[in-house]
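Number of protein chains: 2
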Amino acid sequence: MLKIIKIGGGIIDNPQELTQFLNAFSKIEGPKVLVHGGGKGASKMLQQLGIEPKMVDGRRITDQPTLDVVTGLYAGNLNKSIVANLQEFGTNAVGLSGADGNVIKGNKRPVKTIDYGFVGDITLDGINVDFLQLLIDNGYTPVLCAITHDGNSQLLNTNADTIASTVAEALAVKNEVQLNFCFDKIGVLRDVNDDSTLIPVINKELYQELKAEGVIFEGMIPKLDNAFRVIDNGVKEVTLVHANNINGDIKTILC
Amino acid sequence: MLKIIKIGGGIIDNPQELTQFLNAFSKIEGPKVLVHGGGKGASKMLQQLGIEPKMVDGRRITDQPTLDVVTGLYAGNLNKSIVANLQEFGTNAVGLSGADGNVIKGNKRPVKTIDYGFVGDITLDGINVDFLQLLIDNGYTPVLCAITHDGNSQLLNTNADTIASTVAEALAVKNEVQLNFCFDKIGVLRDVNDDSTLIPVINKELYQELKAEGVIFEGMIPKLDNAFRVIDNGVKEVTLVHANNINGDIKTILC
Numbered sequence: 001m002l003k004i005i006k007i008g009g010g011i012i013d014n015p016q017e018l019t020q021f022l023n024a025f026s027k028i029e030g031p032k033v034l035v036h037g038g039g040k041g042a043s044k045m046l047q048q049l050g051i052e053p054k055m056v057d058g059r060r061i062t063d064q065p066t067l068d069v070v071t072g073l074y075a076g077n078l079n080k081s082i083v084a085n086l087q088e089f090g091t092n093a094v095g096l097s098g099a100d101g102n103v104i105k106g107n108k109r110p111v112k113t114i115d116y117g118f119v120g121d122i123t124l125d126g127i128n129v130d131f132l133q134l135l136i137d138n139g140y141t142p143v144l145c146a147i148t149h150d151g152n153s154q155l156l157n158t159n160a161d162t163i164a165s166t167v168a169e170a171l172a173v174k175n176e177v178q179l180n181f182c183f184d185k186i187g188v189l190r191d192v193n194d195d196s197t198l199i200p201v202i203n204k205e206l207y208q209e210l211k212a213e214g215v216i217f218e219g220m221i222p223k224l225d226n227a228f229r230v231i232d233n234g235v236k237e238v239t240l241v242h243a244n245n246i247n248g249d250i251k252t253i254l255c
Numbered sequence: 001m002l003k004i005i006k007i008g009g010g011i012i013d014n015p016q017e018l019t020q021f022l023n024a025f026s027k028i029e030g031p032k033v034l035v036h037g038g039g040k041g042a043s044k045m046l047q048q049l050g051i052e053p054k055m056v057d058g059r060r061i062t063d064q065p066t067l068d069v070v071t072g073l074y075a076g077n078l079n080k081s082i083v084a085n086l087q088e089f090g091t092n093a094v095g096l097s098g099a100d101g102n103v104i105k106g107n108k109r110p111v112k113t114i115d116y117g118f119v120g121d122i123t124l125d126g127i128n129v130d131f132l133q134l135l136i137d138n139g140y141t142p143v144l145c146a147i148t149h150d151g152n153s154q155l156l157n158t159n160a161d162t163i164a165s166t167v168a169e170a171l172a173v174k175n176e177v178q179l180n181f182c183f184d185k186i187g188v189l190r191d192v193n194d195d196s197t198l199i200p201v202i203n204k205e206l207y208q209e210l211k212a213e214g215v216i217f218e219g220m221i222p223k224l225d226n227a228f229r230v231i232d233n234g235v236k237e238v239t240l241v242h243a244n245n246i247n248g249d250i251k252t253i254l255c
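Residue numbers (the UniProt record's numbering), protein chains in the order written: chain R, 1 to 255; chain Y, 1 to 255.
This is chain R alone, in the form it adopts within the complex:
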């Protein structure tokens, strides 16, 4: 089973937790891919450089200075720090932006009501599966940051969840793939404040019931909709798991 693991915000901003996670990640047997988001470093750096964040309707716009900062941080500092950590822990990691090996070609989001700037949307046919497979088959562990490119020299800021899902779908054509989203909960909970209400397994029928009951609501709906779409497209299973428990049994398995 090829495991694709996505880590995001919180853990990225906590060096100690990140190191613990990477140590645990390095212990996962078999082929694996890591996809990481950015954390809050970009906002801090933009502030230090005196660059005013551009927001429209509460969403950040990736203008040129912002793109420069996120490229340096995500593809440079963060990605290389993660890779160097994994090397210490014995995982032969290879850090990649979407431009490297043309591994993820995206398209600048078209301007409708909002111009998001240099934000990239990606689809299945933008993934260079051959390159990922070459690395994986030779014992290397791809570590993907949330920067893609458009094939015309333009780098693009891309959602890391989308990268993880799309890469999982692309690799599922030739591999049995498990996609793991690490987040700050132990899984899907009936009561978000009570870990004992973890729902260990959710299939499509149960998902519909849970939505109807209002147990799953708001931000979890797009996350789970996306997960079931990925499963429809060939990924064996998707898990939601706490980043500090990547090798444990406490998680929600979607299948």
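Please note that the accuracy of each hint is not assured.
Claimed, not checked - When the alpha-carbon atoms are kept at most 27 angstroms apart in a straight line, the in silico DSS-like pairs for lysine-lysine are as follows:
#1 Y:204 - R:44
#2 R:40 - Y:44
#3 Y:223 - Y:108
#4 R:44 - Y:54
#5 Y:211 - R:44
#6 R:54 - Y:44
#7 Y:236 - Y:211
These are computed hints drawn from the structure, not numbers from a lab.
Given chain R, work out where chain Y should sit, using these hints.
What follows is chain Y alone, placed relative to chain R:
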């Protein structure tokens, strides 16, 4: 013939020249590797962030804030921008720091009279030839920045000339290798102010004569000493060439 091409300072700081160079580089037939230095962006960024450059005896010390800046710029902004450009020009480039695929493991320079900080020295046995060969044999073009790692999670700032030379030597074991240093002259000149005095070919005997005559002096001596050492270690030929003439005949060939 596997071509390893090193570009440095001046061209990195000139976006138009850099793009022209990358276009020419992409036209080189056959397997190739690009090694790039950093340019002046790091000094500018350090200044913007209000970080005082630490110098000892006129040499920059890579303290932690400096390392963070050069890692973001060299492995992030610069490397990914170069890779995205090469992708546009049809070269399937893969940008790498030394940590990626454990491709260059170095050692923090020991403190003698000066503590250079996070500066890495490298040797032949620190090069992961298998990884470079895997990429090259599958049609990918490694693009190496001047950041290495020590295997214990520490990233290190490393001289790009040294990376180019050491990688050339390591790859020369299984490949016929030509190492090309791009710089701001058309080659070795008898009179530095007169391009018509280009010396097209220098072998070891001529080199000794030119040194004795004082034609080659100061900064060129370590550069050429290094080139002939690389040739002694199996590299077929080393050229000194202007970055705007990578595919032309005007150059100095050392052999």
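Quickly compare the C-alpha distance for residue 223 of chain Y and residue 108 of chain Y to 27 angstroms and report which way the hint goes.
Roughly 22 angstroms between the alpha carbons, so the hint for residue 223 of chain Y and residue 108 of chain Y holds.
Are the Cα positions of residue 40 of chain R and residue 44 of chain Y separated by 27 angstroms at most?
holds (23 angstroms)
Straight-line alpha-carbon gap residue 44 of chain R to residue 54 of chain Y, limit 27 angstroms
Between residue 44 of chain R and residue 54 of chain Y the Cα gap is close to 24 angstroms, so the pair holds against 27 angstroms.
Given pair status - residue 44 of chain R, residue 204 of chain Y, alpha carbons within 27 angstroms:
Cα-Cα ~54 angstroms, so violated.
Is the straight-line distance between the alpha-carbon of residue 211 of chain Y and that of residue 44 of chain R 27 angstroms or less?
violated (53 angstroms)
Just to be careful, I want the Cα atoms of residue 54 of chain R and residue 44 of chain Y compared with a cutoff of 27 angstroms; is the pair within it?
At roughly 24 angstroms apart (the allowed maximum being 27 angstroms), residue 44 of chain Y and residue 54 of chain R satisfy the hint.
Hey, residue 236 of chain Y versus residue 211 of chain Y, does the alpha-carbon distance stay inside 27 angstroms?
Roughly 22 angstroms between the alpha carbons, so the hint for residue 236 of chain Y and residue 211 of chain Y holds.
When held up to the earlier numbered hints, the structure conflicts with 1 and 5 and fits the remainder.
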